[in-house]
Amino acid sequence: MTAAIETHKLTKWYGRSRGVVDVDLVVETGQIFGFLGPNGAGKSTTVRLLLDLLRPTSGSARVLGLDIHADRLAIDRRVSYVPGELSLYDDLTGLQLLTYLGNLHGAVDSTCRDALIQRLELDPTKRIKSLSRGNKQKVGLVAAFMIRPELLILDEPTAGLDPFIQLEFERLCEEARGDGRTVFISSHQLPEVEHLCDRVGIIREGRLLAVESIASLKDRALRRLEIDFGSPVPTEAFANLPGVRDLTVENAILRCTVMGSLDALVKTAARYEVRNLRTIETSLEEIFLAYYGAGDGTGAGTAGGEPGHAAA
Amino acid sequence: MLLHNVFTKTIRDLRWPTFWVALGMGSMTGYFALLFPTYSRLVDLNAILAKMGPAAALLGASLGDASTLVGFLHIELFSMILPAVMAGFAAAAASGFTAGEESRGTIDLLLSFPISRRRLILEKSLAVLIWCVVTAVVVLVFALAGATLSASPLPADRLASSLVMLVLLGLDFGAVALAISAATGNRAAAIGVAVALMVAMYLVNTLAAVVDGLGMLQPLSLFHYYMGNDPLRNGISLPDAGALGAVALVFLAVSLIAFDRRDLAA
Numbered sequence: 004m005t006a007a008i009e010t011h012k013l014t015k016w017y018g019r020s021r022g023v024v025d026v027d028l029v030v031e032t033g034q035i036f037g038f039l040g041p042n043g044a045g046k047s048t049t050v051r052l053l054l055d056l057l058r059p060t061s062g063s064a065r066v067l068g069l070d071i072h073a074d075r076l077a078i079d080r081r082v083s084y085v086p087g088e089l090s091l092y093d094d095l096t097g098l099q100l101l102t103y104l105g106n107l108h109g110a111v112d113s114t115c116r117d118a119l120i121q122r123l124e125l126d127p128t129k130r131i132k133s134l135s136r137g138n139k140q141k142v143g144l145v146a147a148f149m150i151r152p153e154l155l156i157l158d159e160p161t162a163g164l165d166p167f168i169q170l171e172f173e174r175l176c177e178e179a180r181g182d183g184r185t186v187f188i189s190s191h192q193l194p195e196v197e198h199l200c201d202r203v204g205i206i207r208e209g210r211l212l213a214v215e216s217i218a219s220l221k222d223r224a225l226r227r228l229e230i231d232f233g234s235p236v237p238t239e240a241f242a243n244l245p246g247v248r249d250l251t252v253e254n255a256i257l258r259c260t261v262m263g264s265l266d267a268l269v270k271t272a273a274r275y276e277v278r279n280l281r282t283i284e285t286s287l288e289e290i291f292l293a294y295y296g297a298g299d300g301t302g303a304g305t306a307g308g309e310p311g312h313a314a315a
Numbered sequence: 087m088l089l090h091n092v093f094t095k096t097i098r099d100l101r102w103p104t105f106w107v108a109l110g111m112g113s114m115t116g117y118f119a120l121l122f123p124t125y126s127r128l129v130d131l132n133a134i135l136a137k138m139g140p141a142a143a144l145l146g147a148s149l150g151d152a153s154t155l156v157g158f159l160h161i162e163l164f165s166m167i168l169p170a171v172m173a174g175f176a177a178a179a180a181s182g183f184t185a186g187e188e189s190r191g192t193i194d195l196l197l198s199f200p201i202s203r204r205r206l207i208l209e210k211s212l213a214v215l216i217w218c219v220v221t222a223v224v225v226l227v228f229a230l231a232g233a234t235l236s237a238s239p240l241p242a243d244r245l246a247s248s249l250v251m252l253v254l255l256g257l258d259f260g261a262v263a264l265a266i267s268a269a270t271g272n273r274a275a276a277i278g279v280a281v282a283l284m285v286a287m288y289l290v291n292t293l294a295a296v297v298d299g300l301g302m303l304q305p306l307s308l309f310h311y312y313m314g315n316d317p318l319r320n321g322i323s324l325p326d327a328g329a330l331g332a333v334a335l336v337f338l339a340v341s342l343i344a345f346d347r348r349d350l351a352a
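The listed protein sequences derive, respectively, from chains F and H.
Numbering follows the numbering used here, in which position 131 of the first sequence is assigned residue number 134; successive positions increment by one, without gaps.
Numbering follows the numbering used here, in which position 116 of the second sequence is assigned residue number 202; successive positions increment by one, without gaps.
Derived by calculation from the structure, the hints in this document are not laboratory data.
Careful, some of the hints might be misleading.
Heads up, simulated DMTMM-like pairs for lysine to aspartate or glutamate below, C-alpha to C-alpha not over 20 angstroms straight-line [claimed, not checked]:
| # | chain 1 | residue 1 | chain 2 | residue 2 |
| --- | --- | --- | --- | --- |
| 1 | F | Lys12 | F | Asp25 |
| 2 | F | Lys129 | H | Asp349 |
| 3 | F | Lys12 | H | Asp349 |
| 4 | F | Lys221 | F | Glu239 |
| 5 | F | Lys132 | H | Asp99 |
| 6 | F | Lys12 | F | Asp70 |
| 7 | F | Lys132 | F | Glu88 |
| 8 | F | Lys270 | F | Asp249 |
| 9 | F | Lys132 | F | Asp93 |
All values reported here derive from a predicted model rather than from experimental measurement.
For reference, chain H alone in the conformation it holds in the complex (with noise of 0.2 angstroms):
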């Protein structure tokens, strides 16, 4: 029943928004892979990039060469419905990770029971991790599978690579919602923040490519590290993979410092 501890529960909370989740993202890189070779035949992709100029960058499209899976992929998903939907998730999930049990009103009962108030968030934060990965090797099979079905060349290290990358995206935002609403207690405000917080830096990065004086503000977006390096195409950076998670593990510190200092909502 998977009730032994905070870390087994939240697994099971977590376990069919997941599902959804998982089988969206994977089945939709999954059927693009599939119908790449069709539809590249039938369109010409970098011609409608080329045409469409600077604003192409806005689609992430700014790296990309679309007459391969790899860049096809690259632009149509990794660059930017793949990182929302995953930021997403995790914020989502990490928002209730405190804030839920507070205005659900069940954080009194489960915290005379003795857990401690870091421990719960490290245990709920170990569910969410174990959760990302999952979705993210749930997405690379079905890309692989699709690929293969189709016969497109797609190396299967640099998806990995690029699904690390994704999932410490993933987490960077999910460490944010999880600060603020360790903090507060708001769930809501949590989630909009780092929504927003995700929305801005997306443009920022994007858009620096076209827009001159935003360069200087690349580097504060997390975007900037999780696709500078074109992990689809090059493999993984670790630098910048450390920047991304060094974040996480930051706002993660910030995160059980505030609740354990804090009155908590009755």
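Next up, chain F with everything else stripped away, as it sits in the complex (with noise of 0.2 angstroms):
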């Protein structure tokens, strides 16, 4: 089956600056994917690739098995996108752009329009200049289901949603998962898409450094633990768990790093008296850090193909 999106060695430099080097990339049909990175990692610059919007210094890429310079229309009338920075025509009512747009792709059914505006509850009598950014965010999401593409590409698609909104805007995700279509969201918190992702991709000083299920992700997920003690507890005892690093106990408080599983932690801390287990779900960036070094950037791309990084 054709890939939704598929790039080869893509290569952006803006003069002397990176935008993204050499990046493989491959999304398959059907798919709720995640393209994550901190901010200024290269995640836009590849999404404006992919919409024709810069022109890559080398390198290629296809969207729906189309290039994405010579069949830039046929790509247009099959994909939709919602970019970072979503910028509206202020004079216009949310309904005048969003049939504006229609008008320009020529095949959206108002009914499917109308629902949209509906289940993300926007007002679409009045003037854009006049909207929040979750509400002008609503009218971008509108417009990019509207068209009821093979694929969505998003950038940042949830920034100033409410978090209601944010679950609508979930199930039309995995409704269009469902129906086959493919969803590419970019985002630099992975909390905000774990649990909505099939796969992810981790791209940081423009290079691609691993594509991975989310699952795997989890299983390797970093949380920092802090727990309490009725009395002081052996470091010993916790010294050599598996997955357990950075382990400090002081007195009656111990606080570590956990990878992957907290099972025998947990199990080993449950002997004691625990009075209190406060745990912190670690950024994205400090997974970047732990599980890719703190390194220029440069090799990291092969990271995906080291040991212990099995894709599932």
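Build the complex: two chains, separate frames, hints provided.
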């Protein structure tokens, strides 16, 4: 089956400053794919290359099997996009904008559009100028979903959405996947997308570090843990537990970082009196640093092939 | 709602700017035509211009005979004010075609719909062409109305010829601004260069009559083709009109190519 997105050594330099370097990314059809990386890592650059808004310095890419430049209009009919910095025509109302975009597309079912407006609780009669960021984002999402695209490319789509609408957005993504369509979501926050995505690609400093299933990423998730015991505990009891690192025990307080399952640690801790247990999910950045090192990024592109990084 | 495509949307976006520009240009021209008999009784403009000597050339008076309405309009409006407003309007509008969408950040969403970059420019250019023509028609109507009311002779075909040249000149500076903004994404630079060019070309053309050596540069000035044949008195000159039209097409082609090649601003 044709991949929804396939890039080959996709590279973009802005003069001497780095955009992305040698990105080889394959997104299979029918998935929700998370494209994760800290700000400035090259997420938007990758997305804008796929949209032909930027032209690659070298390398190539295909979307739905079509060439991103030569087959541009064919792609535009079948792919939708919500830009990261979403800007809309301020002088139009939401409905006017959606009408305009629908006309440009040429095949939008207004029933489908209106249903989306209802589900996302958008007031389409308000001028875009007067909309909050979250409400503008809704307009962008309606525009993206209303053309019933085979592939949705969403750059930080949930910024500004309230939790209820975010849930509705996730349902829309899941429905799209259910129809065999593909959703590509970029984000700098793993927690925002981890329950939604099937797979994630991780990009840092312009290089794609790894593509993994969410399950395998979670297996290796890093959590910082703090346990308050009723009385001092022996360090040795915890020192050699699987996945436990950075262990310190000060009197009755244990602090450590755990990779993957908490099972062994919790069972050991249960032998003592546990007064409190705090766990702090680490940020994506910390996961990057823990797994791929704090290096300069060179050579990290092969990290996915290192031992212990078996993709599921 | 005029939201069918990029062309109609541009027509819509420019409707109010066009309204004011057309109203301004039209009412000014109509006003001059209406008051010309009174004015020419009170003031002997030819005598004033004669007293000014070579400096009168700066006002574009080198070709004029201010004792007729045709000559009066030529000196007072068609030599400087109308071209400046028309070219300024076209340049301001055209510089926003791509650079405006880029600076507002709407270009990403727009181009993710099935519109090619070239088509974007062509549809918007067509909209500006139409608005320029509408503006010229408004000027024509106001001028003829004023002339009729004041019973001053003003041949409609000659006036129309002048207005055709006026539109072509406006489109030229619009196309220059478009080419710069399409190539660089910098709207301010595009308007600035177009206006500076217009002023320089105006001066070269008018001063060529009185300053030795500038005559050589005159063919480089678009005003030379715009005014050279004095269309208000002599009707349209096809070579001159062709020259102006060709310049507009060349810069349009440059903008299509330049915009198609580059990275767009985020």
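Hint check:
no.: 1; hint: F:Lys12 - F:Asp25; verdict: 4 angstroms, holds
no.: 2; hint: F:Lys129 - H:Asp349; verdict: 33 angstroms, violated
no.: 3; hint: F:Lys12 - H:Asp349; verdict: 19 angstroms, holds
no.: 4; hint: F:Lys221 - F:Glu239; verdict: 27 angstroms, violated
no.: 5; hint: F:Lys132 - H:Asp99; verdict: 15 angstroms, holds
no.: 6; hint: F:Lys12 - F:Asp70; verdict: 15 angstroms, holds
no.: 7; hint: F:Lys132 - F:Glu88; verdict: 15 angstroms, holds
no.: 8; hint: F:Lys270 - F:Asp249; verdict: 19 angstroms, holds
no.: 9; hint: F:Lys132 - F:Asp93; verdict: 4 angstroms, holds
When each numbered hint is compared with the structure, violations occur for hints 2 and 4.
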